[in-house]
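Trainee: Next come the chains, spelled out residue by residue.
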Amino acid sequence: MAGSPRRTAGRRLQLPLLCLLLQGATAILFAVFVRYNHETDAALWHWHNHSNADNEFYFRYPSFQDVHTMIFVGFGFLMVFLQRYGFSSVGFTFLSAAFALQWSTLVQGFFHSFHHGHIYVGVESMINADFCAGAVLISFGAILGKTGPAQLLLMALLEVVLFGLNEFVLLSLLRVKDAGGSMTIHAFGAYFGLVLSRVLYRPQLEKSKHRQGSVYHSDLFAMIGTIFLWIFWPSFNSAPTALGDGQHRSALNTYYSLTASTLSTFALSALVGRDGRLDMVHIQNAALAGGVVVGTSAEMMLTPFGALVAGFLAGTVSTLGYKFFTPTLESKLKVQDTCGVHNLHGMPGVLGALLGVLVAGLATHEAYGDGLESVFPLLAKGQRSATSQAMHQLFGLFVTLIFASVGGSLGGLLLRLPFLDSPPDSQCYEDQVYWEVPGEHEDLAQGPLRAEELETRA
Amino acid sequence: MAGSPRRTAGRRLQLPLLCLLLQGATAILFAVFVRYNHETDAALWHWHNHSNADNEFYFRYPSFQDVHTMIFVGFGFLMVFLQRYGFSSVGFTFLSAAFALQWSTLVQGFFHSFHHGHIYVGVESMINADFCAGAVLISFGAILGKTGPAQLLLMALLEVVLFGLNEFVLLSLLRVKDAGGSMTIHAFGAYFGLVLSRVLYRPQLEKSKHRQGSVYHSDLFAMIGTIFLWIFWPSFNSAPTALGDGQHRSALNTYYSLTASTLSTFALSALVGRDGRLDMVHIQNAALAGGVVVGTSAEMMLTPFGALVAGFLAGTVSTLGYKFFTPTLESKLKVQDTCGVHNLHGMPGVLGALLGVLVAGLATHEAYGDGLESVFPLLAKGQRSATSQAMHQLFGLFVTLIFASVGGSLGGLLLRLPFLDSPPDSQCYEDQVYWEVPGEHEDLAQGPLRAEELETRA
Amino acid sequence: MAGSPRRTAGRRLQLPLLCLLLQGATAILFAVFVRYNHETDAALWHWHNHSNADNEFYFRYPSFQDVHTMIFVGFGFLMVFLQRYGFSSVGFTFLSAAFALQWSTLVQGFFHSFHHGHIYVGVESMINADFCAGAVLISFGAILGKTGPAQLLLMALLEVVLFGLNEFVLLSLLRVKDAGGSMTIHAFGAYFGLVLSRVLYRPQLEKSKHRQGSVYHSDLFAMIGTIFLWIFWPSFNSAPTALGDGQHRSALNTYYSLTASTLSTFALSALVGRDGRLDMVHIQNAALAGGVVVGTSAEMMLTPFGALVAGFLAGTVSTLGYKFFTPTLESKLKVQDTCGVHNLHGMPGVLGALLGVLVAGLATHEAYGDGLESVFPLLAKGQRSATSQAMHQLFGLFVTLIFASVGGSLGGLLLRLPFLDSPPDSQCYEDQVYWEVPGEHEDLAQGPLRAEELETRA
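Chains as they are written, first to last, in our numbering: chain A, 26 to 483; chain B, 26 to 483; chain C, 26 to 483.
No lab work stands behind these hints: they were computed from the structure.
Accuracy of the hints is not assured; some may be wrong.
Heads up, the list lumps identical chains together, so a pair's fine if it works in one copy or across two of them.
To be verified - Computed cross-link-like contacts, DMTMM-like style, restricted to lysine to aspartate or glutamate with a CA-CA straight-line distance of at most 20 angstroms:
| id | residue 1 | residue 2 |
| --- | --- | --- |
| 1 | Lys348 | Glu461 |
| 2 | Lys406 | Asp450 |
| 3 | Lys406 | Asp79 |
| 4 | Lys406 | Glu391 |
| 5 | Lys359 | Glu81 |
Since the model is a prediction, treat every value here as computed from it, not as a measurement.
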């Protein structure tokens, strides 16, 4: 804690230098590897005289924009609930997601669209990169307020690689279905962040306890995040699925599931609340669990009834988690989970994976008809039975939890490097450590302009 | 008013039990009746080898998402203007709209897409359910701050049924055109809510007068609602119309109408304001009247000029309503209209219905060409004259007002059931009755961190 | 300064009368000139039995809605950062953009879609009108807080005409490419506003200095504007381009460019900040420069790497501009630039134009294949060389700067007309001059309801 000017200057430069270094590196990799795909390249697209209406842009771009809104508005504002950490919540979301988009374009590109030495990009790579950024932001939620921006960039650097690797194992090797990412995004992001938060455990964190709550208007800002996540989640789960009925069904199932998780969250929050009062933390978060829980199964023949039941269970589990499990998580397991990502993404993500196991295991040719090909291609070709697909799904969850835990541990060790600029225990959840913060409004309440002032107007 | 613990516990359980009961009931009904339609079902969609590009999803989902944004962000935040009722405004919007989506999928499904014992769902049912939720939220606006969440759910339970019935009479029996719902949504929702508010009249409401106004930041939050409603209203009015020119024209007309209602609202607000000052209540609300007033006629050949005139009139009537009519409504008619829904949805809705009468009455084969078939099918087939269509439109308005008034009366009686948890007169417009409310920021104005604190950072 | 009642009454009436006059004039011009085009007119669309899927609506309306969001939510809230000017920022944005949409439909219509005495409108005219409104709002940013609403309407009246004329010269006469408007929107709007601000120079403006900063929550509101501009900028630059690969590529390039400008803005802001602290002004604005800088070249074969480099440079230049150039601009050149539009739109717009010169000059048949026709039709037809196209692009920038400067000067003279209602130096950046402002929340911090109050609930 020797406040020598040199160390201070060194820390001061960490964020700028890291940003410049990372941007330089991705720019060089882009120059070498990244190329327009056949739908974004002028020459390739016109090679075979395509009809413009066939361009993937028109099938996926509206969904992409909704996903993009969720990542930057939804996650950004959801985390603004802390009374003194709004600039950091929305600002570091902005920074780390922007970096994750570039870096994940490269990592996912190597795994999924690397041909003849090049990565080919278009609207699908944009959606996938946003999905990966989502996982990074979920992990961010677990450590919100306790790390600096340079640490977050390093976390993203590592997490994006492991996300890409895990996704590759699941989707390409195990041939698991997980369109909306109950496993690859939610469970992965949550347990990565939780393990990382465990490694960064701060026994003295109560020094910043007084900043850990919300204030009236910060809760309203957070509701902006909640509502935008809620309304656009149908687009999230349907963005990468098969075209036609696949996208349509995924959106519909998610829509139903979310209405049910909203009802169960309100029910449970009032039930467990003091004097039957509702708790904003539950409403802001658990109401979204319906989107998480159908992340794997939304594209399957879940049925509208199944979507309601799934959403209802997820909202219930999530609300109870906030009430009863989060305190235990800190006191017993030494996991300090600022946003309660275990309740919103962890448990509902695991539930969603298990629901995927169930629904995949029940898949039949009767239920899917010729549509089986686009949902379960290996089943359609007879290369796998429904039970086998279900087992692969289950194994995918297992792999994800391994990758997340190992990754989170590595991430924690990385972020504990002593020269990194981390806020002291007494300065957690505090914008002023990293931002110029304006003084508060002095005289908003001063009442009407004085008469003499107004006269000068005439 | 005997504060016995048993009654308190009973009231405490009203919301959770009602949520669980309603969710259970809709889930069972979903299990029995609701099925994927031929565009969301894997087997049905692939039955005839459709081109994916033909899936209704690509024609209506972007509009749906805009409508969804309006319902949850638009209505939710528009009502946040009250200084101490922000949690309830956005939270109860969230809850009652989520329930209305489920319940209205069933009710509208029975009326409009019930075949062989099943209700078939897809993007059109999603749009229609959101529309019905819009009507419920309009009624909510009239009673905002004066009812509890359990009362709101009961209101939605009743209103959704009457909405569906009224819509069925208008669209299916009378064959009235009302794409954007000047009648079925706006007039219905407004007069339902106003009559209900009349039945719930509170002579002692001035006890809560000090909470009935806005504060600076609550007005800014409300502008989020206003602007999202304003920008996406073209999607609202065009979401359910005929494809092609129908959607295109509806969006265009609504866009023009809204620009005109904005100009007239600013003009009138400054004209009637003290010292020429603008009033946020007018800007937040009356500027939207241009969207309401073309709800019936936007899909018709209204002409861009007609859209401007309609919007201008609606903004004028609405602003003058806020200034002169709302006070009278309370003092003379004992209708306490918290959000002024009579000015934004009531009068402009009726005006919009009458405009529909006029424009339908002027319809000719010359003006619509072969497009007459999709706007006025009965005219195209020669089964009705334009005058007859106009008379049917007028009768539709009459039917709507009857349904809304009778429904609002029934709703009022229902909500007056003595065991329901309603806030006392002195606790209206107050979040703390139903929510855990955080203490206000103590030391945001404390200035920069003390030097010693910052030193520990180095 | 004679506060005679007559002059006061005159000023009081300026806004209402101007609104009514302008609305009356545009309504008459709409009646005479504006007609549905062949995609919005019922008869014309059905004339040749088009497939509905071919209607331009489905190709451009989702992009339009994003642009619409940027204009009204993005620009509106971005300017809410001032502590006491939130109502005016979002309200006058609303008013002046609504008028600009109508007026620019007429002006751009005369220049671009005037046939046989009529202007034909549809989704493309909606996009173009929104673009023009964007330029007006950029200019508004330079004079924010220092002009009244009537002055802003007069500015829009003039600027829309000059915008349309400049755009006509560039796009139709010089055949310059500028889809996302680096020149026609950003450079034009910025320099128009800056020259106008120079003419309106207020040497005594420090009288309002205490209102020129932000407060904590006003900065969070401003971030709503920033993030919505950032996420939807890909739609902005791609909205008017050629269909298919053109829209797809423009969106992709803009997406990459914005991630890079975000990284460079965070890097530079921390580098030049006190103690390495980030500055909200930089994050709110300079992070968006990546969207501006590829406004001309996003539709070209810029390559993903090129997009990253462009965005990085723009973020850097813009951040350094805020830090070092804005103070000089006021002290040396007497240009008071409230929002720093020179840094966000001026310099990045000029950079974007020059980047367009470069990328156009490098265009080859190999790189574009048959797609050359839709990006550079004159090159494809052999009527121009790439170098000649580049020279035309450069000349387009020159023309834009001339139009903007002359226009801004004229605008300044117009707005200095002595009878116009302009706020005195001591009342700049103050909502109360034009709005009824509610008193501030008295007792939000009062803590929980008193026990006796709650008892009455039971």
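Trainee: All hints are to be evaluated individually against the structure, with a verdict given for each.
Mentor: So, going through the hints one by one against the coordinates:
1. Lys348 / Glu461: between (35 angstroms within a copy, 13 angstroms between copies)
2. Lys406 / Asp450: neither (57 angstroms within a copy, 68 angstroms between copies)
3. Lys406 / Asp79: The answer is neither: 27 angstroms in one copy and 26 angstroms across copies each exceed 20 angstroms.
4. Lys406 / Glu391: The answer is within: 15 angstroms in one copy meets 20 angstroms, while 41 angstroms across copies does not.
5. Lys359 / Glu81: neither (47 angstroms within a copy, 50 angstroms between copies)
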